[in-house]
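Enquirer: With the hints as constraints, model all of the structure from the sequences given.
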Amino acid sequence: MSLRDKLMGLYSAFVYAFLYVPIIIVIIFSFNESRTLGQFTGFSLKWYQVLLGDKVVWVAFYNSLNVAVITTLVSLFLGTLAAYGMVRLDIGGKGAIDSLLYVPIIIPEIAEALSLLLFYKFSGYDLGWLTVLLGHIAFDISFVYVVVRARLAGFDRSLEEASLTLGANEVQTFLKITLPLSMPGIIAAALIAFTLSFDDFIKTAFTTGPGFQTLPLIIWSQSARGGVGPELNALTTVIMAISMTIAYIYAKLTMEKQ
Amino acid sequence: MMEKAEYITSEVEDMVVLRNIVKRFGKVVASDHVNIEIKRNEFFSLLGPSGSGKTTLLRIIAGLEKPDEGVVILEGKDVTNLPPYKRNIGMVFQHLALFPHMTVFENIAYGLRLRKFPEDEIKKRVYDALELVKMPHEMFAERKPSQLSGGQQQRVAIARALVTQPAVLLLDEPLGALDLKIRQHMMLELKRIQRTVGTTFVYVTHDQGEALVMSDRIAVIHEGRVEQVGTPYEVYEKPRTKFVANFIGEANFFEGVLRNGAVETSFGVVKVVSDIQSGKKVVVSLRPERIRVGKTAEGADNKFEGKIREIVYKGDVLIVMVALDDTEVKVNVPATHPEARKLREGEAIRIGWDSGDEAGVFELEAE
Amino acid sequence: MSWMESLIDFVRKYKLLVALLVLGPPLIYLAVYFFAPFIITILYSFGFIGRRGVITWELTIKYYQQALRWVYLKVFYNSVILAAITTVGSILMAYPVAYFIAVKAPKKWKNLLVVSVMVPYWVDFLLRTYALMNIFTMMKMMFTYEAVVIGMIYDYLPFMVLPLYANLEKLDKSLLEASYTLGASPFKTFLKVTLPLSKPGIASGTILVFVPAIGEFVVPSMLGGVSVTTIGTLTWDLFLKFHNWWRGAALSILYIAVVLITLIIYMRKVGELEI
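Protein chains in written order, with the numbering used here: chain C, 491 to 748; chain Z, 16 to 382; chain Y, 523 to 797.
Note that these hints are calculated values from the structure, not bench results. Using N, Cα and C, we set each Cβ at its ideal position, and we do this for glycine too. Be aware that one or more of the hints could be misleading.
Cross-link-like lysine-lysine pairs, in silico, BS3-like; alpha carbons within 25 Å at most [as the list claims (entries may be wrong)]:
1) 611/C <-> 714/Y
2) 322/Z <-> 742/C
3) 626/Y <-> 584/Y
4) 496/C <-> 714/Y
5) 632/Y <-> 742/C
6) 714/Y <-> 692/Y
7) 322/Z <-> 54/Z
8) 692/Y <-> 496/C
9) 666/C <-> 611/C
10) 322/Z <-> 310/Z
Label-pair restraints from in silico Cβ distances [said to hold, decoys possible]:
11) 210/Z <-> 661/C: 53 to 59 Å
12) 709/Y <-> 165/Z: 55 to 61 Å
13) 625/Y <-> 330/Z: 54 to 60 Å
14) 697/Y <-> 165/Z: 26 to 32 Å
Expert: Here it is in structure tokens:
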């Protein structure tokens with residue numbers, strides 16, 4: 491490799507370091523004995539113990555999980571329905587419908603968040619779990635739609651035609667051929683939908699009501715009040731672990747497809 | 016081993032009939048009043064260049080496309096409005112379309128499972144089908160399509176389509192993706208399989224070599240219309256239109272006016288046999304291998320003296336480009352010809368051929 | 523099977539009805555929980571007052587007038603500047619990495635390298651920004667503009683790396699080889715061949731970074747505190763602190779309009795965007 495290439499490699503390594511260092515520091519300092527930053531006084535799991543005992547955190551975790559799971563299921567169903575409809579049905583105005591379906595992705599999150607808030611105020615909804623959930627679903631439908639649609643577009647129609655010529659009707663073909671083969675795409679969409687909901691902050695902040703907390707909200711409020719701290723680091727580490735595990739599964743799936 | 020008798024499902028003479036089929040895609044007419052009759056046990060090819068509409072016809076027979084006009088009759092029944100799964104057909108697709116998430120066994124068993132055959136019957140039939148395409152089931156039954164070579168996938172696709180014993184097997188350019196040697200081998204294999212099971216094969220291809228080798232009869236398709244239907248011999252030796260003469264094999268074309276059994280061309284008078292009216296403008300087509308040279312050209316009806324412009328050595332044949340005045344004629348001289356070694360570029364040469372079947376004559380159409 | 527067959531025949535005949543059944547639910551859901559809220563936001567920007575369906579409203583444009591005051595335009599301007607710095611910074615950081623992985627790295631490593639870039643990004647935005655807080659606190663850099671810039675680039679980097687990588691990956695290496703055989707040095711080849719051909723990738727990345735960055739809230743708020751104000755922090759404050767929904771709505775509508783116009787211009791010039 492030439493000198494130029496070596497320099498480029500070095501620069502890339504620097505960028506990689508830039509990416510990972512903050513995360514590593516969070517992880518390291520979640521195991522720190524004392525509260526002081528910048529000095530690692532000793533290895534300790536006590537902050538994790540504090541975390542385990544913190545009721546507020548557990549409730550928030552349950553809330554985040556709860557909302558994420560329901561959001562995933564509903565948006566997966568509606569989004570996949572939309573994707574199949576758009577790809578398979580033979581109707582006019584597809585371009586317009588397509589735009590309508592992915593507009594939510596383009597619009598800035600904070601704009602969506604505030605309009606949901608105004609909508610709820612006008613319609614008289616009480617802010618809380620339900621309002622958060624409904625907002626998440628709306629946003630996730632678009633994401634699921636885009637992902638599943640992209641996967642469907644690359645689907646080999648002749649496989650379905652072969653099934654038809656072998657004696658299967660449209661429904662049987664769908665169940666035995668189309669659905670199994672679209673599974674990786676659908677699962678990928680489900681994972682994205684889950685992560686987006688679990689990690690969501692802005693929409694949740696705008697549409698939540700008194701007493702309903704999710705994990706990102708906790709991190710936000712506590713860091714705003716007390717700044718950086720080892721319990722937060724511990725909490726962050728835990729959430730990171732969950733996100734990374736999901737992402738790892740996702741990557742494994744997309745890798746297999748290739 | 017599958018017996019021939021088990022495959023023949025009906026007594027009808029014409030297995031597939033297309034009557035007045037018209038199919039349009041937007042402004043393009045893919046099929047223009049097509050009439051074809053395909054007989055029982057035939058290996059029938061639809062031959063034509065890309066975009067000629069041959070695949071469309073195949074898909075109409077399969078039920079994957081619906082014709083705008085016309086009728087499709089299978090085994091004597093009108094199936095025009097029936098979906099593919101209600102027609103007694105099997106199909107091998109251009110890119111094979113083997114189900115990637117199933118093993119070879121499951122792929123082949125797919126159609127049988129749908130017809131609710133008992134498990135042991137399915138096993139027997141699948142193994143027999145694999146044996147028919149010469150793939151031992153112990154080795155291949157449990158593999159996935161991605162683990163097979165192109166030729167092996169090909170065989171599985173055929174086995175899958177045949178195991179349900181359809182009345183007609185439709186093949187859409189299945190050999191296109193294979194290497195030359197494998198393709199040549201598969202051509203003979205397909206012929207063997209067809210002879211063994213007796214099913215009517217309808218084969219689509221743009222490769223005249225394939226069609227000529229495998230078919231009992233060929234339909235030459237051009238721009239959605241059937242130009243000619245005949246045996247390989249007929250379409251090659253007795254082309255009925257200029258397109259067929261040009262598409263199948265090679266031909267030299269001379270234009271001129273037909274008068275009294277001869278055509279006045281730019282290099283001389285060519286004697287022909289034809290029942291076209293005197294006085295009409297015609298095109299004479301002459302195959303390069305029908306032209307004799309040197310001493311063997313002595314007794315020919317048509318004799319001309321020309322100059323050798325170029326010789327290309329092709330191993331078993333010499334391609335000799337001969338100039339007759341301003342016209343260039345391509346002559347295939349077999350390497351075994353006594354004078355083959357003496358031919359030199361730039362020298363004079365005598366060429367000749369007999370009138371009659373050796374040269375085809377067609378009316379010149381305004382193009 | 524006969525009921526299934528009659529169902530399929532039914533489907534074939536009543537295509538429109540089936541379309542409604544299939545596309546209806548998702549569209550209706552979005553209509554209620556996405557589009558309706560937007561219409562209400564637009565109404566609010568014009569001074570709408572209504573609660574639980576009861577409307578007392580005087581149409582007014584005073585909130586737009588307020589939103590267009592110099593103070594707010596300055597905030598807009600600052601947001602755009604910040605977004606621009608972020609975009610340029612992330613291009614400068616992302617391009618060499620993307621180039622290195624796409625062009626120079628041996629094939630076996632490519633997937634792994636790309637995934638490694640993405641791994642930190644599977645972690646939520648908020649958490650990553652919080653992680654930066656650790657470092658900045660240690661370095662006593664909290665609540666500075668520089669911290670915000672670094673934070674923005676850090677958070678938006680993958681949105682620039684991926685499109686660049688995808689674009690460079692598809693680059694036909696034989697074009698570079700052709701350039702070398704024609705006498706161009708690697709540097710010249712880069713300038714005249716690679717760079718122009720990677721324009722679509724740069725464009726995608728820019729859109730994915732610049733547009734959302736203008737309205738970014740989390741980073742300026744967490745790392746900059748009160749010293750850095752963007753459209754995002756402003757909107758947040760207007761809504762959740764001062765409860766001035768009307769001015770906030772007007773501001774948002776303006777912001778959305780800017781975003782949409784930018785995207786339309788982009789799409790006209792380039793074509794479609796891919797995610």
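Enquirer: Hint by hint, work out which the structure violates, then give me just those numbers in ascending order.
Expert: 1, 2, 3, 7, 9, 11, 12 and 13
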